[in-house]
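Undergrad: Protein chains in written order, with our numbering: chain A, 63 to 478; chain B, 119 to 473.
Among the hints, a few may not be true.
Derived list of chain B stretches under chain A, where covered just means 3 residues or more per stretch with a C-beta under 8 Å from a C-beta of chain A [claimed, not checked]:
id, segment
1, 135-144
2, 156-169
3, 429-440
No lab work stands behind these hints, which were simulated from the structure alone.
Every residue, glycine too, gets a C-beta built ideally from N, C-alpha and C.
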Amino acid sequence: MTRFVRSWLGVAATTATLVFGGGQAFAQKELVFGLQCDRTGPTATVGVYLCPGYHDYIGLVNSKGGVEGFKIKVLEIDNEYKVPPAMEAHERFKKEGAVLEGLYGTPQTAALNKKLEEDKILGTSPGFGTASAADGKRFPYTFPIAASYWSQAGAAVAFAKERLGGNLKGKKIAYLFYDNPAGKEALPILEDLAKTEGFEMRTFAVPAPGVEMGAQILDITGRFKPDFVITHLFGRAPSVSIKELKGKGFPLSKVVAFVWGSAEADIIAAGGMGVAEGYNTIQFAGVGKDFPVLKDIEAMYKAQGKTSPKEMDSTVYYNRGVLIAALHVEAVRNAIKAKNGAAPTSEEVKKGMESIKGFTLGGLVPPMEITPADHEGGGWVQIWTVKGGKLSKTKDWFQGYRSVIQKHLDAEAKKS
Amino acid sequence: MFHRESGIFKTTYAADAALYPLPVAKWTVAALALIFIVIIPLTVHEYYLSILNLIFIAIVGALGLNILVGYTGQISIGHAAFMSVGAYTAANLAVKLGLPFWITLPAGGLMAAAIGVLVGMPSLRIKGLYLAIATLAGQLIIEWTINRVPAISGGAQASIEVDRPSLFGFSFNTQGSLYFFLLFFAVLAIVATLNLARSRIGRAFVAVRDQDIAAEIIGINIYRYKLLAFAISSFYAGVCGVLYTYYFGIANYEQFQLIVSIDYLAMIIIGGLGSVLGSILGAVFVTLLPIVIRIFMEDVGSLFFTTAEMANVISGLRLGVFGGLIIFFLIVEPEGLNRLWRNIRSYFRVWPFSY
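Could you put together the complete structure from these sequences and hints?
TA: So this is what it looks like as structure tokens:
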């Protein structure tokens, strides 16, 4: 068949899809997952690594016969970090009978919260969306399934405390953040902890697009002279912050970055691993290639006669994609088991997600416990530090000031 | 919109300005009404309704921008900010005072109109690129204000959740019911703009656009009309923002950033400046094209690529094809899709002769 004929067949198929509404009922024993991604928009630097990780894990599960006998079909839609396409993507997933979906982007998650609840399809938003979405009673179908910015703030302060000799009284901490709602979200936790722990906190906002922060860094290093710096930046901003802090002679070992400033790409963009020696990062998924599941993915590619994809080398984001996929699969596995092998509905998958416990995937996934009340799974993080040209683990899974976070979550729940 | 007689037989201004140039046009409108009110909601899957819903909202916003840019000739890069003004006004009224949508919607529009007049003030002294920069400043100031003032934004997240709109106890909470909700306002906006364009105000706008000094000489108060254009345009934008708010159930300023202003400018430039049909075509084109390209690629691409490769291919190709088609259409017809449609129509009007 010539390419010409094939492409016209494709046109016909498209028309058929458009007119008759897809063919979800053809394959038996198949479950559809929806995945929103951003490979072309402002956060494409994350999406191009994270989403292949997701697909590779699903591919691995399928190559081993699927989950409890069900093959998984992933439908990915690039929402370009725009809100209207995110709604379109959700409706498309719903039409194709998706049992769950992976959300992508903070405003997109905000815009879909209500729709997910109305349609009773669970959506996961690791690293996106609001901290209050951890409250499963308030947002029943939204699952952050990873440490929220509140939990990261708690962890950052706990780490600073450990580094500064176990006492923060009279110490000075600078919070350098991207001036948007996500950047400001951690403030209530930091302010609260500043009071209870007795440290002085000052905030330094970086306006979008975050590539110009000379004045803020000068203010931090020259005037405020903090004992520790917590950064919460996105996109190109983290690499600029590393460069600027380094340029002003501030020791990077006294800097800790939130999860979107902590990838290999950020550090390399700042001038390479060698430059950023000592830089601390917060992670909600394991880092590096030293996990059995990644070895399995490499073996899967080898068995197909291919080399492993280059995305695997950017382990921070790739592993997060694997984590999201693994939790999706576990939720579905729990749901199928609860139904004795029958295909679960999206509501049953939600119950499956809410019973995830003790699933660590060889250390890549934190020891989280997702419950109907806690969709965050406990807010576990690790600290990884740049040491000798690579990221190495400094602190294993821990929860920073969980009781304080819980107090704020309860207060937030009362408000609504 | 669709019908013209085979020559120019009009003898009065009233006939020239008529909404229905021929009696048969009424039947066309009736047929369109039947299709959109009865046939589509009954036969089409909810997914396609959701796409139509997005198009309806975009039409309202595009019409508003076209009144300002297309009819009056004043450029604005602050359209998305006016949407956010409408969105937050409505969300605050709905949440803090519990007002229903039929109050919050016009209120959001009016607040946006007031802010629009303020941001439009520089248009009295500057034109073209200068005005573009002034409205860009307006966009950034409004974004900053919403982000920084908790009384407007409702806290650090700068987002306010609203309930679904309801009327007489009926809640518009599915794509199907929201379809009628949004269709109503899209039709209202279309009819209002059609009428505006043929009224004294609309003609004054066109006069200001074509030659403002001449317009002033024939007795048009250009200051008044420029500000009026900003007010009406921002009113549409505000309503568009409120519709987004009710459609997503949340007002969030990140939905209304600079890129959205550019998207709407793209819509009216592709569709055709200074025409209602152009705004509609532009809104349809910009909303639908990425979706059609993706669905097409999902089917065709699977013949050439593996699933994992596909995701990257689709994303990249969609951007490329989208950009390429915009350039192609604008080279073929710089005045937009509306003009393209008119050319096709006039070709067939004299067919089989060439002119």
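Undergrad: If a hint holds in the structure, say so; if it does not, say that too.
TA: Hint check:
1. Counting residues of the segment 135-144 of chain B whose beta carbon lies closer than 8 Å to any beta carbon of chain A gives 0, which falls short of the minimum of three for the stated coverage.
2. Under the rule that three or more residues need a Cβ within less than 8 Å of chain A, the assignment of the segment 156-169 of chain B holds, with 5 such residues.
3. Requiring three or more residues with a Cβ within less than 8 Å of a Cβ of chain A, the coverage given for the segment 429-440 of chain B holds, as 7 such residues are present.
The structure is inconsistent with hint 1 alone, although it conforms to all the rest.
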